[in-house]
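Student: As a plain string of letters, each chain reads:
Number of protein chains: 4
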Amino acid sequence: MPLLTSDARGVYVIAVTPFTDTGEIDWDSLDRVVDFYFDKGADGLTILGMMGEAPKLTQAESRAVAERVIRRAGDRPVVVGVSAPGLAAIGELGKAVMDMGAAGCMVTTPGSLKTDPQIHAYFAQVARTLGGGVPIVLQDFPLTTGVNISDEVLGRIIDDVPEVVMLKHEDWPGLAKITKIRKAEAEGRRRISILCGNGGVFLPEEVARGADGAMTGFGFPEMLTDVVRLASAGDMDRAQDLFDAYLPLVRYEQQPGAGLAVRKYVLAKRGAIASAALRAPGAPLPPETVAEVERLIARQEKRLKELN
Amino acid sequence: MPLLTSDARGVYVIAVTPFTDTGEIDWDSLDRVVDFYFDKGADGLTILGMMGEAPKLTQAESRAVAERVIRRAGDRPVVVGVSAPGLAAIGELGKAVMDMGAAGCMVTTPGSLKTDPQIHAYFAQVARTLGGGVPIVLQDFPLTTGVNISDEVLGRIIDDVPEVVMLKHEDWPGLAKITKIRKAEAEGRRRISILCGNGGVFLPEEVARGADGAMTGFGFPEMLTDVVRLASAGDMDRAQDLFDAYLPLVRYEQQPGAGLAVRKYVLAKRGAIASAALRAPGAPLPPETVAEVERLIARQEKRLKELN
Amino acid sequence: MPLLTSDARGVYVIAVTPFTDTGEIDWDSLDRVVDFYFDKGADGLTILGMMGEAPKLTQAESRAVAERVIRRAGDRPVVVGVSAPGLAAIGELGKAVMDMGAAGCMVTTPGSLKTDPQIHAYFAQVARTLGGGVPIVLQDFPLTTGVNISDEVLGRIIDDVPEVVMLKHEDWPGLAKITKIRKAEAEGRRRISILCGNGGVFLPEEVARGADGAMTGFGFPEMLTDVVRLASAGDMDRAQDLFDAYLPLVRYEQQPGAGLAVRKYVLAKRGAIASAALRAPGAPLPPETVAEVERLIARQEKRLKELN
Amino acid sequence: MPLLTSDARGVYVIAVTPFTDTGEIDWDSLDRVVDFYFDKGADGLTILGMMGEAPKLTQAESRAVAERVIRRAGDRPVVVGVSAPGLAAIGELGKAVMDMGAAGCMVTTPGSLKTDPQIHAYFAQVARTLGGGVPIVLQDFPLTTGVNISDEVLGRIIDDVPEVVMLKHEDWPGLAKITKIRKAEAEGRRRISILCGNGGVFLPEEVARGADGAMTGFGFPEMLTDVVRLASAGDMDRAQDLFDAYLPLVRYEQQPGAGLAVRKYVLAKRGAIASAALRAPGAPLPPETVAEVERLIARQEKRLKELN
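The listed protein sequences correspond, in order, to chains A, B, C and D. Throughout the first sequence, residue numbering follows the numbering used here, covering 45 to 352 in sequence. Throughout the second sequence, residue numbering follows the numbering used here, covering 45 to 352 in sequence. Throughout the third sequence, residue numbering follows the numbering used here, covering 45 to 352 in sequence. Throughout the fourth sequence, residue numbering follows the numbering used here, covering 45 to 352 in sequence.
Isolated chain A, as found in the complex (with noise of 0.2 Å):
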């Protein structure tokens, strides 16, 4: 299984973990939806992140979704997150699915990294603990971790780690820190693939200023590959309007917290998955926002028709 560098490009969707309504791991499912991921063009997959449910998951777990997806995606590339608020976790998960085939591992920074030393500091010993020749995506997810990444720390990062291969960029706002690393590389810099998250509300933006594509996750992966192909060739407005006949959705999907139940709804809706269900302790969606969701969809479908 070819591993993951700094040319990787397009996009690796995040992918949900599918349950049954009683709770249990839903490994049809599973295969299910890592299709239904490559058949919308999807580039590769990332497993075990926040939107995968991953802290609900035990141990022995998180090894079967990773080798299951892993075998099934076949050839094309899985990253795998494996933050942990210890550096042992880390390389055990880390070490388990490097040997199951995985392409990465993403890692993010826990929230007692405190000064721009010891963020640098952190990456060089996950580096360590992983092993030389791991990739590792690092996720830049301050609205979550609490860690704030700036573009100096970034660049030593890159100038000292040379297994960070890809950054995961989803600090807000962060348009202007991919137009800085980009520069930077022209003026010499090692080069690093960027794709974005966020589930992608930047996304037209983030590709014309030198992103590589995205790793986020969406009901409608298409819109995904699709704007960042198009985008890519240069077809800016086609990218816009299409973009912006999904960013309603987009939006409604972005409600930290809130998002990946309605996320599952729209997969289950299409049927890459057999339940919309969310492992406790998440709650099923209230009747507003099916009503909401819903809405949005139907208008969705009338935009997108519109445009063809």
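Just so you know, the hints here were simulated from the structure itself, not pulled from any lab data. Worth double-checking, as some hints may not be accurate.
Said to hold, decoys possible - Calculated lysine-lysine pairs in the PhoX-like style (CA-CA distance at most 25 Å, straight line):
#1 C:346 with D:349
#2 A:346 with B:346
#3 A:158 with D:227
#4 C:349 with D:349
#5 A:158 with D:158
#6 C:158 with B:221
#7 C:84 with C:313
#8 C:158 with B:158
#9 B:84 with B:313
#10 A:346 with B:349
#11 D:313 with D:84
#12 C:221 with B:158
#13 C:349 with D:346
#14 C:158 with B:224
#15 D:224 with A:158
#16 A:224 with D:158
#17 D:158 with B:158
#18 D:158 with A:221
#19 B:227 with C:158
Place chains B, C and D on chain A using the hints.
Tutor: Leaving out everything else, chains B, C and D in the frame of chain A:
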């Protein structure tokens, strides 16, 4: 001047504070932008909020701005932000602006509040400090304040602090909170006015769930007033069509920290203020951002024409 | 093995995890330090806490450490820290250690808890996850967790979650909280055991206010057991004399982050463990610190002699 | 009035602001406590800090307090805390107090600073705002501000902002930081004065590592001045003997939030101020606390007699 009540409805625009390119308050532009907001349909204004660059004003300037805006607004209500780390400063500014004819004072939670009983006690203290009869707008904005206000503690504040007549609702996600407040009112709790913030990014859904309007800013405030008017009248489809046309720019202006410069750029371009300058330490818009904003405005105009 | 109850009293020492200089778990030293703690008068032990370097252990190591300590402790109670970002991991480790004969599980608040209702719901979920009948020690440590637990929500947890039998009290300042809990019990609320943390830096006052003892660590654990014994017997002057003699070093060990290396240095010097090494990424004590610790120990010995 | 320089040494006591029982500023007590501090050996005073209840003062009161203390202090230096959420307020109060004859301005980090470059830029902005030549005391107090200042960024501030002449050092743990600053100076970096806070709880070690004294408060400020004098003269044993005698009360006063009421109780008991009252919303000491404080003072007196 009439005081704010729990029946307040419509759009209270969060007003910018215009500066000259050298950082002085631009009094002519301040008059002009007040007129602009009312021309576009505003029911009231809110000044000295975060997006009004209040922390960059001296105390003398804050009072002068309040006095000027209140006079210019005439018989239309002006809410004044008086949040401060200490109660003394809140009382000092609050009493001054009420004497000038403000309709009420907006107060948010200082970051020092750690528990629900502390949040509850705080608003009782604020009410005592401002003096009985001064209407309070409770700004619920955890993304910026770091303080989360549960439905439960909000209910207790409504029960115990009659001076709190309005919720500036910008919890995110917050749709469920609106529904819960309105349900509790249906079961007997005192009604409060709910005006929504967050740049209006969920405005159609918020009004549909029972919000009374918006208290936020946007470079095209006519979107806020039109959507609230249409949605309040039950014309949800037309409201959402309009909203969707503006959404790409709404989203763009919603970038924390970066958004105010965009908003002032738009207001200056439209002639509502003379200069887009932020007072130091704010930076001017980089050229990439200008290009993105111009492109979004051009697309917005095109889409609005299609809708007519 | 008897389970922890709300009548638990005395000193449960937070045990260190000994490592060799090359970072392997030192099993002989683990046995030795367990014996050392009980020789110094400990009533029980608490393992896999923050000061036990739990986040640096793999899951397999965590279980092996728990098994070894529980076996060595024989019929004396061992509480196991099972805090984790997700409920699944809590349930997985918690069930495993209860099967090994642990007396109970210690759980603290994840940083994601934002409001009192969320804190309350969390401990109900933890109790359900661990299964009825598993005694829970609620660790109340806002300095590290960032989550403040008001007296009010603590009372509601005591009312609604009978599995919570003990408070590991390390709110700071927290003396008033002990008084309030005991007052509420006098008025009819269910009693819980209160053992105090924070290195024992307020131990005499805490016991005088109704705490049942200590659950914390210190290089000289005999101070903890002697002070609790004397203070519980009402000999406050002798308790405080002893306490004061150790206080300069207690204070020194209380430095967040830096204190554990000091504690291990003292334990190694006293022969309780073979090496003072922290597992990576912990650094060895710098020479200035060693000199300060040695000086404090020499002064402490002199002062203790004066008292005898 | 001479300005603060990087050679400043000794003890600058953080002064309380005395109130009457009904919450008015007690001007006579203010004079009296100023005299009291200097009688006990203070080299200077620091006013309008967190322990001076600055956020409870109106702007007019803040200025009046500063004027009164500066006049009373005569030719002895007075540092004034001017921290505020915005630069405008910092500049406004800072310029006013420098005109009154203050020796310098103390500024801490607002919680909005997220990265090292932002912290660095902030102090440059503060220096520009206050105007060249106004000496700045950088208060490094992460426990309260939530902002951690790494050695590295502190070094860059020292390099680039010559107005920063003093560090009010209350990082915790912070002994290593003092050692690093002094090492960097030995290798050529500009010297700054380091006065330590945190109630003096590490004062002997801090002076031994190169701190120039203390900037903090305590009900018995003679402890601070005696310990700094003895330790600076190299008489570490006598310094530590004295320190240890006061340590149980130092520790007790160090309770965040609760400590100020204890300090004012002690000062009122000693006749330095007329009333121990905090301005609202501060509560009076509960009887349990009074009993604990009285007991600690009685033991302290006994121990001090033994030492003489």
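Student: Work down the list of hints and note, for each, if the structure agrees.
Tutor: The hints, checked one at a time:
Under the criterion of a C-alpha separation no larger than 25 Å, the hint pairing residue 346 of chain C with residue 349 of chain D is consistent with the structure, at around 18 Å. Between residue 346 of chain A and residue 346 of chain B, the direct Cα distance comes to roughly 19 Å. Compliance with the 25 Å bound is thereby established for this hinted pair. A threshold of 25 Å between alpha carbons decides the hint, and for residue 158 of chain A with residue 227 of chain D the separation of about 23 Å falls inside it, so the pair holds. As the CA atoms of residue 349 of chain C and residue 349 of chain D are separated by approximately 19 Å, the hinted pair is consistent with the 25 Å bound.
Restraint check for residue 158 of chain A and residue 158 of chain D: satisfied, since their Cα atoms lie roughly 9 Å apart, inside the 25 Å limit. The suggested pairing of residue 158 of chain C with residue 221 of chain B holds, with an alpha-carbon distance near 15 Å, which does not exceed 25 Å. Proximity of residue 84 of chain C to residue 313 of chain C is assessed by CA-CA distance (about 16 Å); at most 25 Å being required, the pair is judged to hold. A threshold of 25 Å between alpha carbons decides the hint, and for residue 158 of chain C with residue 158 of chain B the separation of about 9 Å falls inside it, so the pair holds.
As the CA atoms of residue 84 of chain B and residue 313 of chain B are separated by approximately 16 Å, the hinted pair is consistent with the 25 Å bound. About 18 Å separates the Cα atoms of residue 346 of chain A and residue 349 of chain B, which keeps this hinted pair within 25 Å; it holds. For the hint linking residue 313 of chain D to residue 84 of chain D, the alpha-carbon distance of about 16 Å falls within 25 Å, and the restraint holds. A C-alpha spacing of about 15 Å is found between residue 221 of chain C and residue 158 of chain B, which places the hinted pair at or below 25 Å, so the restraint holds.
This hinted pair checks out: residue 349 of chain C and residue 346 of chain D have alpha carbons roughly 18 Å apart, not beyond 25 Å. The suggested pairing of residue 158 of chain C with residue 224 of chain B holds, with an alpha-carbon distance near 18 Å, which does not exceed 25 Å. A distance of roughly 18 Å separates the Cα atoms of residue 224 of chain D and residue 158 of chain A; the hinted pair therefore holds under the 25 Å criterion. Between residue 224 of chain A and residue 158 of chain D the alpha-carbon distance is near 18 Å, which keeps this suggested pair within the 25 Å criterion.
Between residue 158 of chain D and residue 158 of chain B, the direct Cα distance comes to roughly 20 Å. Compliance with the 25 Å bound is thereby established for this hinted pair. This hinted pair checks out: residue 158 of chain D and residue 221 of chain A have alpha carbons roughly 15 Å apart, not beyond 25 Å. Taking the CA atoms of residue 227 of chain B and residue 158 of chain C, the gap is about 23 Å. The hint holds against a cut of 25 Å.
Checked against the numbered hints given earlier, the structure satisfies every one of them.
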